[in-house]
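Start counting the sequence shown at 1; every next residue gets the next number (full-length UniProt numbering).
FYI, nobody ran anything at the bench for these hints, they're computed from the structure.
Across the chosen pairs, the derived CB separations fall in these ranges:
1. 7 x 49: 16 to 22 Å
2. 49 x 89: 17 to 23 Å
3. 30 x 68: 27 to 33 Å
4. 27 x 71: 26 to 32 Å
Even glycine gets a Cβ: it sits at the ideal position worked out from N, Cα and C.
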Amino acid sequence: MQDLTNQTIIGCDIGLKRIGLAKICNGIILPLAPLLRKNRNQAAQELSKLLIEQNPITLVVGMPSQNLEMQKRIKHFISLVAFDGQIIYINEDNTSLEALESLCHFSRGNKINAQKNGKLDSLAACKILERYIANTTNKSEL
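Taking the hints into account, I'd like the entire structure generated from these sequences.
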């Protein structure tokens, strides 16, 4: 099993309007403030700045399994980000739905706000990191 207790890993849920962010710090997954995209270059610069500040060893990026156009957009966007660490793409299918389900105790209005302000996207990034941990754990147990 990979020891994640002393590593910082950042997870991204990249969308056209928002980028959800989360991190693994001392083995705990925490949502971070999302980035609101005005344009590709602004978002890439903001993500690059965050990566410099957080200094992760790995960037885990959610990738849809079916949407080829979005896969292309995500890979292009990541190519604009200044990061020398390891980049891992992981299946993000249904992570936004899982994140929304985790807000079942929220009122309808608060759920809508979470979608608009990007907090839901950061919860989806948490789900992406959960999948990364599950995949890493499963592979190391083989």
